[in-house]
Amino acid sequence: MTVDYLARRIGMFVAVIFVATSFNFFLPRFTGQDPIATRLELLAAEGVTTRAEDYAALIETYNAKFGLDRPLVLQYLTYLSTAVRFDFGESITKYPTRVSELINQAMPWSIGLLVTSTLLAFVVGTLGGAVLAWQHGPKAAFELILPPFFLLAAVPYYLLGLILIWLLAFQAKLLPLGGGYAPTTLPDWSDFGFLWEVFKHSLLPALSIVLASIGFWALGMRSMMITMQGEDYMLQAEAKGLTKARAFFRYAVRNAVLPQTTALALTLPHVVSGAILVERIFGYPGIGRVLYEAITGFDYFVIQGVVFIIVLAIAFAMLVIDVIYPLLDPRISYSSA
Amino acid sequence: MAVETTTNAVADREQSTRSEMPTTIDDLRRSGMGDSSLPAIDVKDLKVYYDSEAGVVKAVDGVSFALQQGERLALVGESGCGKTTLGMALMKLTKAPGYIDGGQILLDGRDLVPLDDEEMRLARLAEIALVTQSAMNALNPVMRIEDQIFDGLIDHGIKDTKENLRSHVYDLLLRVGLRENVGRMFPHELSGGMKQRVAIATGTSMNPKVIVADEPTSALDVVVQRQVMMTLSRVQRDTGAAVILIGHDMGLVAQFADRIGVMYAGKLVDIGTVQQIIEEPKHPYTKLLINSVPDLEEKRERLTGIPGIPPPLVDLPPGCVFAPRCPSVEVPCNELEPKDTDIGDNRHVMCHLFDPDVAMAGSEVV
Chain A
23 MTVDYLARRI GMFVAVIFVA TSFNFFLPRF TGQDPIATRL ELLAAEGVTT
73 RAEDYAALIE TYNAKFGLDR PLVLQYLTYL STAVRFDFGE SITKYPTRVS
123 ELINQAMPWS IGLLVTSTLL AFVVGTLGGA VLAWQHGPKA AFELILPPFF
173 LLAAVPYYLL GLILIWLLAF QAKLLPLGGG YAPTTLPDWS DFGFLWEVFK
223 HSLLPALSIV LASIGFWALG MRSMMITMQG EDYMLQAEAK GLTKARAFFR
273 YAVRNAVLPQ TTALALTLPH VVSGAILVER IFGYPGIGRV LYEAITGFDY
323 FVIQGVVFII VLAIAFAMLV IDVIYPLLDP RISYSSA
Chain B
436 MAVETTTNAV ADREQSTRSE MPTTIDDLRR SGMGDSSLPA IDVKDLKVYY
486 DSEAGVVKAV DGVSFALQQG ERLALVGESG CGKTTLGMAL MKLTKAPGYI
536 DGGQILLDGR DLVPLDDEEM RLARLAEIAL VTQSAMNALN PVMRIEDQIF
586 DGLIDHGIKD TKENLRSHVY DLLLRVGLRE NVGRMFPHEL SGGMKQRVAI
636 ATGTSMNPKV IVADEPTSAL DVVVQRQVMM TLSRVQRDTG AAVILIGHDM
686 GLVAQFADRI GVMYAGKLVD IGTVQQIIEE PKHPYTKLLI NSVPDLEEKR
736 ERLTGIPGIP PPLVDLPPGC VFAPRCPSVE VPCNELEPKD TDIGDNRHVM
786 CHLFDPDVAM AGSEVV
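From first to last, the protein sequence lines stand for chains A and B. Quick note: the first sequence, position 237, residue 259 per our numbering, numbers continuous. Quick note: the second sequence, position 148, residue 583 per our numbering, numbers continuous.
In short, the hints are calculated from the structure, not lab data. Errors might be hidden in some of the hints.
Derived coverage of chain B by chain A (criterion: at least 3 residues anywhere in the stretch with Cβ under 8 Å from a Cβ of chain A; other residues may be distant) [what the hints assert, rightly or not]: (1) 552-563; (2) 572-581; (3) 586-596.
Label pairs and their in silico Cβ distance ranges [as the list claims (entries may be wrong)]: (4) B:Pro759 with A:Thr284: 46 to 56 Å; (5) A:Gly252 with B:Pro759: 31 to 41 Å; (6) A:Gly134 with B:Arg465: 56 to 66 Å.
Remember, predicted model here, so these are calculated numbers, not experimental data. The beta carbon of each residue, even a glycine, is placed where N, CA and C say it ideally should be.
Take the sequences, apply the hints, and build the full model.
What follows is the structure, given as structure tokens:
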């Protein structure tokens, strides 16, 4: 039953989000760090000093303002009821900016960079790996091109990012050192010059992700394709007199891509965590940087908001994969557990 | 309409001896069996060798036989005797490090050996089809049965409506004893016997002149084996194709075939009608092989096997390949390679005992 299957998957989806967001609520609070004190320390570091006798009163005011003086259970219930409406309150470190505003600003940057570069690496790597294993294809060219990518796959992409910055931005001065756009330009999404600026700034971080992950996808696909070519249906495809293109795409790649799809679903969480490092290194104004800054400042509300969105995105991606997988592989039926 | 306009690239490749390629299901249904005066398949001195570190492995070494239209030949022999290698070579599906070293495969008069990849691709399925050993896994698990049969048709230039293609597939399925709705099913929804029937339906989808059936029942239980063989038999009668059945089950093979060819160490050592082979085996190896088949009526204490093992196919010693295991071995056997000898009634034996030019004490030349 498809309805039954969908209901179960959606139930799972809700359960995962509930558990993950609850963890996300309690974990920062159990560290013992006080976000208000951290905030005041940051202010002090900027030269805003407070008289000692006012200090306690200030903390109390702040706590009341952010509702941090209430019992933990009440805070938790408020958090749950507001989170479902995507309302995460105001940022502590960037008061009075609302958390949702921070997320709205950062999200398009991250999605644009990460989704594009991950999918690009997936498609290029998978196809490259497939051709590399295909005896009848333009194998020789790929035998020269792909092995360096296998090497790069072993290099973490933040490290690769640093190397790229040094080579292409610092030494060769071909691309900007970091940021989402040059600090001297005004963000105007209708201006072609600005879009070009954004594209140039995204090249290095995208390149570091793509270069580091093409090899991973190519290796996985290559070994699957080698297994597939030993299958009897590949011999049968040849005995049926199929064209090479049809045997390649409809028989070999079609079957070999199934485990790749699973791997893509499993890689998504790593994409998010990896993004934190990449965005930090490249000073990219994405969600990873927002999260990084929130964690260093113990900004509970921003952490809650960003992690909630990330959890939602991953759980949703998993749900999509779960729903489309039976369409990709008829042996997986909607009815089985 | 399409028959008159086959001046496309596909037709250009075809030699003048071939009729136009069918482009619709109707053409396919009307396509006849070609020139009946020629053998459907005439294999001459075919050699399939493998390069290995130990030397050249002569997996198939100088095999010759001819099959008339609608004739059914069974190839039998021990594991490793080269019967599957021969079957694959007939389809030109020999994989490296294997290669066809020489000989001819005349299909309705046209030699397949010199054909290029694209010409051979078009010949497969349309003229010579394979029903494989493990039909269990011969179907693409992610495609519906009918789509897998369509693929073969489409890649051989059949351009027709979905309805016509589908009705053709339904006819094929009905002919092998399956219901129409099997076309819409996926391979994992079928039983082993059903998959094997689908393999037969696929193999006969373009009315080939020759069907190579490589142990089509080896993965099935005995009851289903018989049903599948009867299906193959019926389809063969319907289409008039010549069938080369590769197997090692003498009983099963004898029920199906008109003629039996016995292979040993890459050579076709004995070939004759089923009756000739079973009732009066000539080659000493055939005699031993027949003796090792259990008989339902006759009570025997123990089945006789054949002592020894087949020789490695690298660096074969001079003389007869069977000599080391042969009960009738004599001096010439270890020195002189036996030739293919026609002993009458289209019966061929490769043994000095039947060669009038070789002096043997036990000679059976009359």
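Now the hints, each set against the structure:
no.: 1; hint: 552-563; result: holds (count 6)
no.: 2; hint: 572-581; result: holds (count 7)
no.: 3; hint: 586-596; result: holds (count 4)
no.: 4; hint: B:Pro759 with A:Thr284: 46 to 56 Å; result: holds (54 Å)
no.: 5; hint: A:Gly252 with B:Pro759: 31 to 41 Å; result: holds (35 Å)
no.: 6; hint: A:Gly134 with B:Arg465: 56 to 66 Å; result: holds (59 Å)
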